[in-house]
Amino acid sequence: MKITINGKEHQFNGDPQMPLLWFLRDELNMKGTKYGCGMALCGACTVHINGEATRSCVLPMSATDGMTITTIEGLDDTDSHPLQISWAEENVPQCGYCQSGQIMQAASLLAKNPSPTDLEIDQNMSGNICRCGTYPRIRKAIKKAAGSNS
Amino acid sequence: MSQDTLSRRSFLKATASTGGLSLAVTLLPGKHVFAAQDNSSTPETLTPSVFIDVAVDGTVNITCHRSEMGQQVRTAIAQIIADELDADWQRINVIQATGDKKYGDQNTDGSRSIRRNIDRLQIAGATAALMLRQAAAKGWGISADDCVCDQHTVRDQNSGKKIDFAAIVPVAATLPVPEPETVTPKARSAWKFVGKGVASIDLPAVVKGATVYGQDVQLDNMLVAVIVRPPVLYTTPVSVDDSKAKQVPGVKHIITMPALTEPPLFKPLGGVAVLATHTWAAMQGAKALVIEWSKNEHSQYQFETEKAALIASAQAGGEIIRKKGDAPATIAAADDIIEATYFAPLLAQAPMEPPAATANVVGDKAEIWACTQHPQSARSNVAGILGIPEENVTVNVTLLGGGFGRKSKPDYSNEAALLSQQVNQPVKLIWRREDDIQHGYYHSVSAQHIKAVQDSSGKTLAWQHCTAFPSISSTFAKGVTTPSAGELRLGFTDNPFAIENMQLEKGEAVSHVRIGWLRSVCNIFHAFAIHSFADELAAKAQQDSKAYLLSLIGPGRIIDLASEGAEYDNYGDPIEKFPVDTSRLINVIERVCKLANWDERKKQKRFLGLAAHRSFLSYVATIVEVEVDDDGSWRIPATYISIDAGTIVNTEHVKAQCEGGAIYGLSCALGQISAQDGAITQSNFHNYQVARIQHAPQDITVDIVDSEAPAAGVGEPPTPPFIPALTNAIFAATGVRIRTLPLPSQIKR
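Respectively, the protein sequence lines represent chains P and L. In the working numbering, each residue's number is its place in the first sequence (first place is 1) plus 1023. In the working numbering, each residue's number is its place in the second sequence (first place is 1) plus 132.
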């Protein structure tokens, strides 16, 4: 089985039922993608599969064959995606644990909808839990990045 | 570091390893005493608490002894020291301390990192600064009094010449350490970093996913462990069929954990551990175990039965813990008694990162990597459970993916250590989300009953309040059935109302689960009941909620709780330094009402609720606005917060804590942990509700009181007033009084 992660091709011959999250974290030691619930309920494990925000904690490796995957480590070559910049400017993170997933979810939103409304932001981000309560700043950072895009 | 390095006369000197200037300093909380380690005394009383190391390249290495869980304490500590040195922010490096008594208290809870450390950190920074000035002065043949620190240099104020820290470190390192009495921290007016909104030092790493949490630790030859714990406290496996688990590729060991004995403390809960070469295999192995569990008296625990018992206990009244006048007699003589019962369920802290600890036990030595709020407790616990000396245990502190009190408990480090000892290999023990929700140290369930009477003008004449909840002490001792003074002082004993007849009582309550701390602890349910009932009294008197609340609080004054027979430890800080001052409470109420345009908005038929609460020595007033649709669904367009936390180190992070603390409060109103046959019903975020982005207030406006009062708590105080402000707003909008949590998703009128 072959998958491309952040532009690099990887082979996988293990348990096809193992979710992508554990291939990233345990086998590739890419720890930017987080475990939060294991049931696609919290969004901490969000990555892009062929550009779509996807919960890697429930996506079996068997479903990733031939897919192109982007993680937080590969979102931008110089870690300066407009969202990474606006996230820093708005001082969004507190503990930071959910933030990779939040940024990846937001990046897929902006890729499809360059200027989302408040309602669209809430609807799109509702699967990503933050227990520190950074939600108001997440909204601001997304809007700021959207502004810089347009 | 040798003992000699830490001795009183020579605790600042060049170290062989760095060739730099090392400074270890301690100040006991609230005292301006320089108490460096002295060989003649015990380590418990003489521990340097902060370590500044100015390297030969001029880098100021600052050791942060408090755990980082989103409050940006690593940044705050650096700000305080940078100011004393007038350091270049780019030449500061923050190192995370291991768990060690030499730092003084490291338990990162109770909102005390700043209030218990700001003075000693300032002295530490000022001492380093003085020595650098002395070194420069020596080289120039002038007095140190003529020299100042100026942007990572020392400058001669007369000639204007400057020398970089790097160039004078070797000389500074040879100087005797000045006596602390000779060291004066900078004047407030000279602060460049403290009191400003400095961005977090960890921010760049967070946004690129490069930070390391407890769950992220990876060692060579490491196994990953998952434990299937008993569904009911103190039960044990009667039979274990591990045949299927053993067949999971990657599973290496299946180990029965020691059974839990009373009281729980921080001991492993028991159960069966599966150790595997990687996480997925450990999880699959755990899932494949077939275990039959024993039963005990806790297996009879039904949430609804216990809820009824707790409510009956609160309504029956209990032992008096504070008394003024004669509330029972005043109430008995009245025709019209106002009374209400409030209930709030068990809650789980549910940090985004479930607990995790990695242990490597080799012979009689152990190294731990954990997302812990309390590394010293992890150290002493691991030493205890392994039966090895504490000095043989190293506890490395990773970043914490949230803590909220859950990670103050070192139980998971204990589990990891036992397993590593057993298999002679490094073991990362992870808690799955289900483990976190079902086997936690829960925020206590509570019932409260309040009775009051008013005179014909609506003035409250008597207030009688009984609180009943299983005590955190039940986690630490057998047979505890009433709350401790330390829990009652969390927003109950220190009721700020000026009512002539007041009686506060505590009821009985038995626990069937482990009870623990959760952000702001008992303040959450006490503020809920007190401020809901204050609003009920306002409604009864047909008066404006704000005006009535202010009349309940009465004049600005210092409350003398001791005179009313109350035992009150003031969060462990001196009452003279941090009195219970209602003028500060009134001030934040006035400010938040101004911020929210209270009178104007009410005229516009917008629905606001207000609550104000002192906790962790800070004062917070919160106004929540709600909108309720015809079908009863509701949302929060705006929230306003005014906080007086005394001296502030980082305005931006205080603001963030207010925003996050409010949303954490919202989650506390949405979630519920319950049990059936002794086992927790909820298991993950589908049935344990927490606030999501669409629930969060659309806007949160924070007002920070500019104060020179001693620094007080920030991490917890914004949480307690949120729930009553919200439920009072719901009452304003609908006439429905919420007395039982969790909140419904739709308000039925």
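Keep in mind the hints are simulated off the structure, nothing from the lab. One or more hints might be untrue.
[Said to hold, decoys possible] If the Cβ cut is set under 8 Å, some of the chain P residues that face chain L in the computed set are:
1) K1054
2) W1110
3) P1137
4) I1152
Ideal Cβ placement from N, Cα and C applies to all residues, glycine included.
TODO: Could you tell me which of the numbered hints above are not met by this structure, giving the numbers in increasing order?
DONE: Violated hint: only 3; rest satisfied.
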